[in-house]
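Add chains B and C to chain A, keeping to what the hints say.
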Amino acid sequence: MELEEWLLVLEKVRRERPLIHHITNTVVANITANITLAFGAAPVMAKAPEEVAEMVAQARALVLNIGTPSAPSREGMLCAGRAANKCGIPVVLDPVGVGATRFRTELVTELLAEVQFAVIRANASEMGYLAGRAVRPKGVDSEASGFGQAASEEQRSEIARAVARRFGTVAAVTGQRDFIAAPGRLARVDNGNELLTAVTGTGCMATAVIAAFTAVARDAFVSTAAALAAYGVAAELAAERAGGPGTFQAHLFDAAYSLTADQLRERARLTLL
Amino acid sequence: MELEEWLLVLEKVRRERPLIHHITNTVVANITANITLAFGAAPVMAKAPEEVAEMVAQARALVLNIGTPSAPSREGMLCAGRAANKCGIPVVLDPVGVGATRFRTELVTELLAEVQFAVIRANASEMGYLAGRAVRPKGVDSEASGFGQAASEEQRSEIARAVARRFGTVAAVTGQRDFIAAPGRLARVDNGNELLTAVTGTGCMATAVIAAFTAVARDAFVSTAAALAAYGVAAELAAERAGGPGTFQAHLFDAAYSLTADQLRERARLTLL
Amino acid sequence: MELEEWLLVLEKVRRERPLIHHITNTVVANITANITLAFGAAPVMAKAPEEVAEMVAQARALVLNIGTPSAPSREGMLCAGRAANKCGIPVVLDPVGVGATRFRTELVTELLAEVQFAVIRANASEMGYLAGRAVRPKGVDSEASGFGQAASEEQRSEIARAVARRFGTVAAVTGQRDFIAAPGRLARVDNGNELLTAVTGTGCMATAVIAAFTAVARDAFVSTAAALAAYGVAAELAAERAGGPGTFQAHLFDAAYSLTADQLRERARLTLL
Numbered sequence: 001m002e003l004e005e006w007l008l009v010l011e012k013v014r015r016e017r018p019l020i021h022h023i024t025n026t027v028v029a030n031i032t033a034n035i036t037l038a039f040g041a042a043p044v045m046a047k048a049p050e051e052v053a054e055m056v057a058q059a060r061a062l063v064l065n066i067g068t069p070s071a072p073s074r075e076g077m078l079c080a081g082r083a084a085n086k087c088g089i090p091v092v093l094d095p096v097g098v099g100a101t102r103f104r105t106e107l108v109t110e111l112l113a114e115v116q117f118a119v120i121r122a123n124a125s126e127m128g129y130l131a132g133r134a135v136r137p138k139g140v141d142s143e144a145s146g147f148g149q150a151a152s153e154e155q156r157s158e159i160a161r162a163v164a165r166r167f168g169t170v171a172a173v174t175g176q177r178d179f180i181a182a183p184g185r186l187a188r189v190d191n192g193n194e195l196l197t198a199v200t201g202t203g204c205m206a207t208a209v210i211a212a213f214t215a216v217a218r219d220a221f222v223s224t225a226a227a228l229a230a231y232g233v234a235a236e237l238a239a240e241r242a243g244g245p246g247t248f249q250a251h252l253f254d255a256a257y258s259l260t261a262d263q264l265r266e267r268a269r270l271t272l273l
Numbered sequence: 001m002e003l004e005e006w007l008l009v010l011e012k013v014r015r016e017r018p019l020i021h022h023i024t025n026t027v028v029a030n031i032t033a034n035i036t037l038a039f040g041a042a043p044v045m046a047k048a049p050e051e052v053a054e055m056v057a058q059a060r061a062l063v064l065n066i067g068t069p070s071a072p073s074r075e076g077m078l079c080a081g082r083a084a085n086k087c088g089i090p091v092v093l094d095p096v097g098v099g100a101t102r103f104r105t106e107l108v109t110e111l112l113a114e115v116q117f118a119v120i121r122a123n124a125s126e127m128g129y130l131a132g133r134a135v136r137p138k139g140v141d142s143e144a145s146g147f148g149q150a151a152s153e154e155q156r157s158e159i160a161r162a163v164a165r166r167f168g169t170v171a172a173v174t175g176q177r178d179f180i181a182a183p184g185r186l187a188r189v190d191n192g193n194e195l196l197t198a199v200t201g202t203g204c205m206a207t208a209v210i211a212a213f214t215a216v217a218r219d220a221f222v223s224t225a226a227a228l229a230a231y232g233v234a235a236e237l238a239a240e241r242a243g244g245p246g247t248f249q250a251h252l253f254d255a256a257y258s259l260t261a262d263q264l265r266e267r268a269r270l271t272l273l
Numbered sequence: 001m002e003l004e005e006w007l008l009v010l011e012k013v014r015r016e017r018p019l020i021h022h023i024t025n026t027v028v029a030n031i032t033a034n035i036t037l038a039f040g041a042a043p044v045m046a047k048a049p050e051e052v053a054e055m056v057a058q059a060r061a062l063v064l065n066i067g068t069p070s071a072p073s074r075e076g077m078l079c080a081g082r083a084a085n086k087c088g089i090p091v092v093l094d095p096v097g098v099g100a101t102r103f104r105t106e107l108v109t110e111l112l113a114e115v116q117f118a119v120i121r122a123n124a125s126e127m128g129y130l131a132g133r134a135v136r137p138k139g140v141d142s143e144a145s146g147f148g149q150a151a152s153e154e155q156r157s158e159i160a161r162a163v164a165r166r167f168g169t170v171a172a173v174t175g176q177r178d179f180i181a182a183p184g185r186l187a188r189v190d191n192g193n194e195l196l197t198a199v200t201g202t203g204c205m206a207t208a209v210i211a212a213f214t215a216v217a218r219d220a221f222v223s224t225a226a227a228l229a230a231y232g233v234a235a236e237l238a239a240e241r242a243g244g245p246g247t248f249q250a251h252l253f254d255a256a257y258s259l260t261a262d263q264l265r266e267r268a269r270l271t272l273l
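Chains A, B and C, in that order, give the protein sequences.
In terms of this note's numbering, the first sequence has 189 at position 189, counting the first letter as 1, and numbering is strictly consecutive.
In terms of this note's numbering, the second sequence has 240 at position 240, counting the first letter as 1, and numbering is strictly consecutive.
In terms of this note's numbering, the third sequence has 72 at position 72, counting the first letter as 1, and numbering is strictly consecutive.
Treat the hints with caution; some may be incorrect.
SDA-like cross-link-like pairs, simulated, lysine to any residue; straight-line CA separation at most 25 Å [claimed, not checked]:
| id | chain 1 | residue 1 | chain 2 | residue 2 |
| --- | --- | --- | --- | --- |
| 1 | B | 86 | C | 102 |
| 2 | A | 86 | A | 102 |
| 3 | B | 12 | C | 243 |
| 4 | A | 12 | A | 243 |
| 5 | B | 86 | B | 74 |
| 6 | B | 12 | B | 243 |
| 7 | C | 86 | A | 105 |
| 8 | A | 12 | A | 58 |
| 9 | B | 86 | C | 115 |
| 10 | C | 86 | C | 109 |
| 11 | C | 12 | C | 262 |
| 12 | A | 12 | B | 243 |
| 13 | C | 12 | A | 262 |
| 14 | A | 12 | A | 258 |
| 15 | B | 86 | C | 237 |
| 16 | B | 86 | B | 165 |
| 17 | B | 12 | B | 263 |
| 18 | B | 12 | C | 197 |
| 19 | A | 86 | B | 102 |
| 20 | B | 12 | B | 237 |
| 21 | C | 12 | C | 243 |
| 22 | B | 86 | B | 99 |
| 23 | B | 12 | C | 194 |
| 24 | C | 86 | A | 102 |
| 25 | B | 12 | B | 262 |
| 26 | A | 12 | B | 197 |
| 27 | B | 12 | B | 188 |
| 28 | C | 86 | A | 194 |
| 29 | C | 12 | A | 133 |
| 30 | A | 86 | B | 85 |
| 31 | B | 86 | B | 102 |
| 32 | A | 86 | B | 105 |
| 33 | C | 12 | C | 272 |
| 34 | C | 86 | C | 167 |
| 35 | A | 12 | B | 194 |
| 36 | C | 12 | A | 197 |
| 37 | B | 12 | B | 190 |
| 38 | A | 86 | A | 54 |
Treat the hints as calculated values from the structure; they're not laboratory data.
Only chain A is shown next, with the shape it has when bound in the complex (with noise of 0.2 Å):
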């Protein structure tokens, strides 16, 4: 992976303006919208399992966030992955609060049972419940708490890799270094700043991210790692400009907007380990 390589892919981005289909949960519908508008793509929001196929076969990647999930939302998810599978477009899983009850431990895995996601992007707690190693994340925004923290950096990697190794994917593992891995391959990205523990959605947001860079890339790894490190990038350069989390909240989307490949070139801190 050149360095020039991922540095493309926000201009591909920004160039093509993939639509992307995204399933989410109430929360963060209206602020993963404005992230991935704010990268350049075009977000859509369909959940009803009557017109998600029709929906996903317009689109050029689609997110399932299983933060609120509900009955209905499971079978518009279930179709919208396969859907997604057969038209050949990347679909991105965020697992939020697997692990936490039931209902989404098996909702993600009857997802991971019919879908083939080419990313999933969670925090330590609920990717480490993903590699079977049983945690009990703690609220939405876990990052901020639990086993997130609490996992050392080489637990942190070590899950990743299990994740990539044992569905065949992409997974990325974010927190205060963010992890990715795919089978055989690992990177680690130091951008980001404490203020996205302070906001609701931030991981979900990454999620979206991801998506919309997957959308226009050859190498889910790359574009992986690329999404994240342009997303830590804009929240450090939000941050300068924030009093708190709600200033920064709006910042984020304004750093996101306007971020250049000179300030992605000169503030990534992306490591190919």
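Coordinates of chains B and C only, in the frame set by chain A:
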């Protein structure tokens, strides 16, 4: 339509503080409630078939926005729309993504058959579909993409007039320039800012403002044009203070909240055609 | 209630970072999660009947907000409320729009019959309805309208006391001045800012803050008063930096996040009556 006539609508909204009932999509529920408040009206969100008719009876306008359609929301919209017609309050339709899936198209067709709308607000591709010129929209913010930009001004005004005629309603095609048509009447609004295309739900917010203005006005053609001019001027004022889409959204509510008759008189670019 | 006693509650929230389970309306899900985080607690949103009992068992407080009621959310609320009572964690009710429709009224009646609430937070018209003084609320933000403003201070405190007595709970009537009652006890909080009436969901956010504070406190009367004072002071600090409701909302999260004991001690206007 005298200039002073539509200038007075904003004042009337603030004085009468009409209750506006919204049945809308989960992506924009928060921001459409906030833009309703910012312009001086009072929003209420209620979607359950069990209660919508009773809520409509207390409101002075109803918004039906099909952005994230589902079987239960379909039923709620039909109940509410019929009740609003019975009460004689104006109903405003936002046919988000009509033509993109059969489910949305059938829902809009059913709504148009069962409910008399005072106003329909959409972008060029959605309105083109309603006018019988099928084009596929791209994403929920298709103002910024696809047919929306491709359509010439002439096409856009023609589409507005065709929908106005076909459904006996006011039809507003929004985009870089807005065209407002009623049977035999046509107006153009040249206000707004490009940042509106970088924030999700700015079209849905325009629809909410139209509903607030139409609730207090005698003439839906006048109130729709007045709403789009006021909203566009607020967007221009917000853009002057914004560093990107995140701060733009915050300033948009500020600008709407403190918009004065003088600012409107000075900046509104409303032309009768 | 010593001044220092309630000053300590905020500190305790930040130290213990309690998990707060919210079942709330789609309009405010994002901002109530964010205000929970800003004050130092951890939000989790889960609504499906299939999982709420299991989620409640991991939480330290539960919020039931009926803002956009539906048949499935009714079931989830009942399950979660009963489970919370069984676990012995406090449940906080926000009866948005009770009295406005039969559906809401029946839902609230059922919840009050089946669940023991630690705190009920509402505006004067909603609380008046619960006290047996039926008045129709106007919109979801009726703080800014209708009975909310019309009720005299004496009426408001009387209503709070009536609900506290009737349901054996802490009852908080919020508005320009907040009245907090428990059987035999009454307090008043004079903090806040008019901009709270120009943003949707500011009442719902107050409820969320009460839940976060009550999760860590022994005395729900103290924690409710402390929460409303802290929230009101944050609103005052935010208003000093705001240019209107949009920037006010962003600054509200900033102010809550960085609120110090000194700021609270200096500005809180909490009176035992």
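Each hint, compared with the structure:
1. B:86 with C:102: Answer holds: residue 86 of chain B to residue 102 of chain C is near 19 Å, not above 25 Å.
2. A:86 with A:102: Judged against 25 Å, a Cα distance of about 29 Å means the pair is violated.
3. B:12 with C:243: holds (23 Å)
4. A:12 with A:243: Violated, at about 32 Å.
5. B:86 with B:74: The hint holds at about 18 Å.
6. B:12 with B:243: violated (32 Å)
7. C:86 with A:105: holds (24 Å)
8. A:12 with A:58: Within the cut-off at roughly 18 Å; holds.
9. B:86 with C:115: violated (38 Å)
10. C:86 with C:109: Holds: residue 86 of chain C and residue 109 of chain C sit about 20 Å apart, inside 25 Å.
11. C:12 with C:262: holds (15 Å)
12. A:12 with B:243: holds (23 Å)
13. C:12 with A:262: violated (44 Å)
14. A:12 with A:258: Judged against 25 Å, a Cα distance of about 15 Å means the pair holds.
15. B:86 with C:237: Violated, at about 47 Å.
16. B:86 with B:165: holds (23 Å)
17. B:12 with B:263: holds (16 Å)
18. B:12 with C:197: OK: residue 12 of chain B and residue 197 of chain C at ~19 Å, within 25 Å.
19. A:86 with B:102: holds (19 Å)
20. B:12 with B:237: Holds, at roughly 22 Å.
21. C:12 with C:243: violated (32 Å)
22. B:86 with B:99: Given pair residue 86 of chain B, residue 99 of chain B is violated - Cα atoms ~29 Å apart, limit 25 Å.
23. B:12 with C:194: Distance of about 21 Å is within 25 Å: holds.
24. C:86 with A:102: holds (20 Å)
25. B:12 with B:262: holds (15 Å)
26. A:12 with B:197: Measuring from Cα to Cα gives roughly 19 Å; hence the hint holds.
27. B:12 with B:188: holds (22 Å)
28. C:86 with A:194: Not OK: residue 86 of chain C and residue 194 of chain A at ~36 Å, beyond 25 Å, violated.
29. C:12 with A:133: violated (31 Å)
30. A:86 with B:85: violated (44 Å)
31. B:86 with B:102: At roughly 29 Å apart (the allowed maximum being 25 Å), residue 102 of chain B and residue 86 of chain B break the hint.
32. A:86 with B:105: Answer holds: residue 86 of chain A to residue 105 of chain B is near 24 Å, not above 25 Å.
33. C:12 with C:272: holds (22 Å)
34. C:86 with C:167: holds (18 Å)
35. A:12 with B:194: Holds - the C-alpha atoms of residue 194 of chain B and residue 12 of chain A are around 21 Å apart, at most 25 Å.
36. C:12 with A:197: holds (19 Å)
37. B:12 with B:190: holds (23 Å)
38. A:86 with A:54: holds (12 Å)
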